[in-house]
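Asks: Turn these sequences into a full structure, and let the hints steer you where they fit.
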Amino acid sequence: MLLETSQQVLINSKVKFLMVKTLGESHPDKHYKNTRRFYNKLGFYPLEEIKEIWGEENPCLIMVKSLSDGYNC
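For the sequence shown, our numbering assigns the number 3 to the initial residue and increments by one for each residue that follows.
Don't read these hints as lab results, they were simulated from the structure.
Keep in mind it's a predicted model, so treat the numbers as computed, not measured.
Each residue gets a CB set at the ideal place from its N, CA and C atoms; glycine is no exception.
Do not take every clue at face value.
[Claimed, not checked] Distance windows between CB atoms, simulated: (1) P30 x Q9: 28 to 36 Å; (2) E58 x K32: 25 to 33 Å; (3) W56 x N14: 26 to 34 Å; (4) K43 x T7: 17 to 25 Å; (5) T37 x Q9: 13 to 21 Å; (6) E6 x G57: 31 to 39 Å; (7) G45 x S15: 12 to 20 Å; (8) M3 x S70: 16 to 24 Å.
Replies: Here it is, written out as structure tokens:
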């Protein structure tokens, strides 16, 4: 409900994408594997893993979700 409401507010504001950051796949933490799976089920896709944001030991995975209808990207 919170995500759906937030998405509608963003869509009404002409926002095209929603982004989240989580611990990247190159890190072995099993709990964050579940976090990435959760985001994926909500429609987020992995875009890029960056080690410069949180450091080498905590790779940051950027995941995005399109909020557009696909016609006016």
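Asks: Return the numbers of the hints above that this structure violates; sort them in rising order.
Replies: 2
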